[in-house]
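**Student:** Chain residues, written in single-letter form:
2 protein chains.
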Amino acid sequence: QHTRHYHKLDEKAASEYMKNVPVLAEKLGGSPDDWEIQEVGDGNMNYVYIVEGPRGSLVLKQALPYVRCVGESWAMTLERAYFEAKALRKEFELAPEYVPEVYYFDHPMAIIAMRYLEPPHIILRKGLIAGTVYPRLAEHISDFMSKTLFHTSLLALDTHRHKEASAQSYANVEMCRLSEQVIFTEPYMEAANNRWTSPQLDPDVRALREDIELKVEVAELKARFCERTQALLHGDLHTGSVMVTETSTKVIDPEFSFYGPMAFDVGAFVANMFLAFFSQDGHAGMQGARDDYKKWILQTVSDVWSLFAAKFKGEWDKSWDSPGDAYLPAVYNTPAARTLSEMRFIEDVFVDMLGFAACKMIRRIVGIAHVEDMDSIADADKRAACERKALTCAKVIMKQRRKFSSITQVIDLVRHQ
Amino acid sequence: QHTRHYHKLDEKAASEYMKNVPVLAEKLGGSPDDWEIQEVGDGNMNYVYIVEGPRGSLVLKQALPYVRCVGESWAMTLERAYFEAKALRKEFELAPEYVPEVYYFDHPMAIIAMRYLEPPHIILRKGLIAGTVYPRLAEHISDFMSKTLFHTSLLALDTHRHKEASAQSYANVEMCRLSEQVIFTEPYMEAANNRWTSPQLDPDVRALREDIELKVEVAELKARFCERTQALLHGDLHTGSVMVTETSTKVIDPEFSFYGPMAFDVGAFVANMFLAFFSQDGHAGMQGARDDYKKWILQTVSDVWSLFAAKFKGEWDKSWDSPGDAYLPAVYNTPAARTLSEMRFIEDVFVDMLGFAACKMIRRIVGIAHVEDMDSIADADKRAACERKALTCAKVIMKQRRKFSSITQVIDLVRHQ
Ligand SMILES: Nc1ncnc2c1ncn2[C@@H]1O[C@H](COP(=O)(O)OP(=O)(O)O)[C@@H](O)[C@H]1O
Ligand SMILES: Nc1ncnc2c1ncn2[C@@H]1O[C@H](COP(=O)(O)OP(=O)(O)O)[C@@H](O)[C@H]1O
Ligand SMILES: [Mg+2]
Ligand SMILES: [Mg+2]
Ligand SMILES: [Mg+2]
Ligand SMILES: [Mg+2]
Ligand SMILES: [Mg+2]
Chain A
405 QHTRHYHKLD EKAASEYMKN VPVLAEKLGG SPDDWEIQEV GDGNMNYVYI VEGPRGSLVL
465 KQALPYVRCV GESWAMTLER AYFEAKALRK EFELAPEYVP EVYYFDHPMA IIAMRYLEPP
525 HIILRKGLIA GTVYPRLAEH ISDFMSKTLF HTSLLALDTH RHKEASAQSY ANVEMCRLSE
585 QVIFTEPYME AANNRWTSPQ LDPDVRALRE DIELKVEVAE LKARFCERTQ ALLHGDLHTG
645 SVMVTETSTK VIDPEFSFYG PMAFDVGAFV ANMFLAFFSQ DGHAGMQGAR DDYKKWILQT
705 VSDVWSLFAA KFKGEWDKSW DSPGDAYLPA VYNTPAARTL SEMRFIEDVF VDMLGFAACK
765 MIRRIVGIAH VEDMDSIADA DKRAACERKA LTCAKVIMKQ RRKFSSITQV IDLVRHQ
Chain B
405 QHTRHYHKLD EKAASEYMKN VPVLAEKLGG SPDDWEIQEV GDGNMNYVYI VEGPRGSLVL
465 KQALPYVRCV GESWAMTLER AYFEAKALRK EFELAPEYVP EVYYFDHPMA IIAMRYLEPP
525 HIILRKGLIA GTVYPRLAEH ISDFMSKTLF HTSLLALDTH RHKEASAQSY ANVEMCRLSE
585 QVIFTEPYME AANNRWTSPQ LDPDVRALRE DIELKVEVAE LKARFCERTQ ALLHGDLHTG
645 SVMVTETSTK VIDPEFSFYG PMAFDVGAFV ANMFLAFFSQ DGHAGMQGAR DDYKKWILQT
705 VSDVWSLFAA KFKGEWDKSW DSPGDAYLPA VYNTPAARTL SEMRFIEDVF VDMLGFAACK
765 MIRRIVGIAH VEDMDSIADA DKRAACERKA LTCAKVIMKQ RRKFSSITQV IDLVRHQ
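Sequences listed follow chains A and B, in order.
To convert a position in the first sequence, counted from 1, into UniProt numbering, add 404.
To convert a position in the second sequence, counted from 1, into UniProt numbering, add 404.
Keep in mind the hints are simulated off the structure, nothing from the lab.
What you are looking at is a predicted structure, and each value in this text was computed from that prediction instead of being measured.
It is possible that some hints are incorrect.
No copy labels: a pair is met if it fits in one copy or bridges any two.
[Stated by the list, open to error] No farther apart than 25 Å at their CA atoms in a straight line, the calculated lysine to any residue pairs in the SDA-like style are these: (1) Lys799 - Ala740; (2) Lys793 - Val471; (3) Lys722 - Glu617; (4) Lys412 - Met513; (5) Lys715 - Arg628; (6) Lys799 - Thr743; (7) Lys490 - Val577; (8) Lys490 - Gln572; (9) Lys799 - Leu744; (10) Lys715 - Asp785; (11) Lys494 - Gln572; (12) Lys494 - Glu568; (13) Lys807 - Asp752; (14) Lys715 - Thr649; (15) Lys786 - Gly718; (16) Lys786 - Ala534.
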């Protein structure tokens, strides 16, 4: 199957395709006539088919050689499917509870077949907009992040394996470049892609572009993003890349995966939770209706960070005899040295996490890709008010990020914005 | 020529070899009988032949598949010659005044033919031990560093070229691993390779291994060394990798070259100048005889840093329209933003430079490879006194490195140690 040339599938062609891939045909059972196929891709980039057969179901995801929501004018490498499949498999190896299993990958066709995350799984962002509480979310996502980030870093790998893995991930450069552009650059300049709630936020956007202190901080974070090959990142870990039920949490869509700074993944998730928080007033039927929910969101962010830090240290504590080349046991394996090493490491992730979170909040308000949490607030004044709070808060987080001594202080800032 | 298998040359075989490489035979002129060949490799790793013919001269450097000074028991990849040749060529492209031209490279034979740096060129370290002043040194070496580091970074390159170059350099992983081991790890543990002036420094070595604060700082720098693909480094820029005359400065031997943090190269040079400084009292025929020379060394370090900072900014100022993806003009090209960007960037290099310099000083006193500056002090008590000052100073530099506000403060510390 791997010598086929790329062509874009529709429902009918997808059916034909799966008929010829034994592992898929067998999983579905019956014959192509029995298969229900539905395109559900709500993302900006790719086609996603849900396929159900008499015996089983699956999801078929195919990349397009351009950005779906823009059209053929914005070309986009098909290679991202390769990196997505590779990351899904590595994440599944490290944290199987939180990742759909990959059944099949076709490189030239840019097709991934994976487990269908059946209802009631929904995209976390939609659950947050609906005001649904997910009691296991913090525990699960922190578990996913700590395991995938720790075990792909030099804390767990030797130099050979770590350098080789990061050198291989470089080839996802197109996607890295896209992130650089839309996260770290365009929000701070005039760019055709940018949009914002106008005219309400016009002065805010102007102030952002003139905020030199902020822009220089952003440049430092961009350099870390481009240069720090610390661990295998998901690369796009917002609340639209997580599917949830009350008891299950699954991370999908790592097509931006590459070796980068751990804090980028953690910051992406936190940023989108904060955006969800700031959007709640726009969704509350009446004043105060979402107050308990807002508390839950902030508690969840607090838990995500605390649990991430604790679980990451937990992985580390279990790994002092691992081949990880960063902190060799002969030098660091005493109680005091371990404690200080772990504390400093986590503090470093914390500060960068806040910086990346701030970048991610800002770009979702003034850049190309917004979040449904805000966009679904129909009243522009109401929306602008929510967005302004988020933007103001992000700027403070960015500039003060080295001064917070705990996540609680950050949460307090967000709560009282 | 590129299909030959590796075999180690001696003088006679080298002559035969060059006879069969037209570009080399022509450069030398005459016939093999007319060629004078002399092995001069004083390094730990490779064979270096100086070859003089009727028409011209050259240096032939061949790597061995093991560490020369240890023997076949310590295997070492021949691939380092490839990275050395590649780095020499890139450096020659960017800063031709300071790099010997490569005439010829034979990959399977791990042979580099390059310009012979004729007398009175000598290894800088030997000049420093002899107490010779090099009035152009600071200007030259800062020029070399600013040009090579700036133009291989994301300040000058676009993301595609930068990521590709750094991914390719990953394959010099054997040499990176060696640096990790001997610079960042073994000095802080019991290791068969370590040696120091004993018993004089025994308590100092013990204290070093118990200095948790210091070791955790070292771990952070090691992480930067392993993970930060900022620019193409020389990778071994000590005073034994620089050849000088009163008017000329040439950098040789970049076999450790890889994409790493800029500060590592600058720190390597500074560290070795500080070691030269601290060794002077061991070389002074009588008390105070080297006082002027010590002043010159410190002035040179001060100039190296100030000129590096100024020249680096100079390259940057000329490059605001370059394809460098780090600071796009549309975001940063205003006088105030440029000034703040450059200032912050240089401050960041400064702090890491001090950290790497401290690591390099420490490892040369208690690790596997010492410096002739100290080793040539025959009196062990005298030598230990010099080494202790250097070691003590390095520890302070490491721990205080975020607090110095200028190179002058660092120099004052060194002077009054
Ligand atoms: N394994 C899956 N199970 C169920 N639904 C999925 C699965 N993968 C994707 N989807 C649905 O398809 C949508 C788009 O998938 P995603 O991988 O995020 O594509 P894109 O890269 O285009 O954003 C998701 O928001 C989700 O609704
Ligand atoms: N191009 C050159 N011209 C003159 N002498 C050289 C040249 N290259 C090397 N040498 C001499 O050979 C010695 C070892 O060379 P070097 O490249 O440092 O080898 P190694 O990698 O073994 O340290 C140098 O210290 C210097 O004395
Ligand atoms: Mg998606
Ligand atoms: Mg996607
Ligand atoms: Mg370990
Ligand atoms: Mg050498
Ligand atoms: Mg060498």
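**Student:** For each hint, tell me whether it holds in the structure or not.
**Tutor:** Tested hints:
no., hint, result
1, Lys799 - Ala740, "between (36 Å within a copy, 19 Å between copies)"
2, Lys793 - Val471, "neither (31 Å within a copy, 61 Å between copies)"
3, Lys722 - Glu617, "between (41 Å within a copy, 23 Å between copies)"
4, Lys412 - Met513, "within (8 Å within a copy, 49 Å between copies)"
5, Lys715 - Arg628, "both (24 Å within a copy, 24 Å between copies)"
6, Lys799 - Thr743, "between (32 Å within a copy, 21 Å between copies)"
7, Lys490 - Val577, "both (15 Å within a copy, 23 Å between copies)"
8, Lys490 - Gln572, "both (11 Å within a copy, 21 Å between copies)"
9, Lys799 - Leu744, "between (30 Å within a copy, 18 Å between copies)"
10, Lys715 - Asp785, "neither (42 Å within a copy, 50 Å between copies)"
11, Lys494 - Gln572, "both (14 Å within a copy, 23 Å between copies)"
12, Lys494 - Glu568, "both (15 Å within a copy, 23 Å between copies)"
13, Lys807 - Asp752, "both (12 Å within a copy, 18 Å between copies)"
14, Lys715 - Thr649, "within (22 Å within a copy, 57 Å between copies)"
15, Lys786 - Gly718, "neither (43 Å within a copy, 48 Å between copies)"
16, Lys786 - Ala534, "within (17 Å within a copy, 76 Å between copies)"
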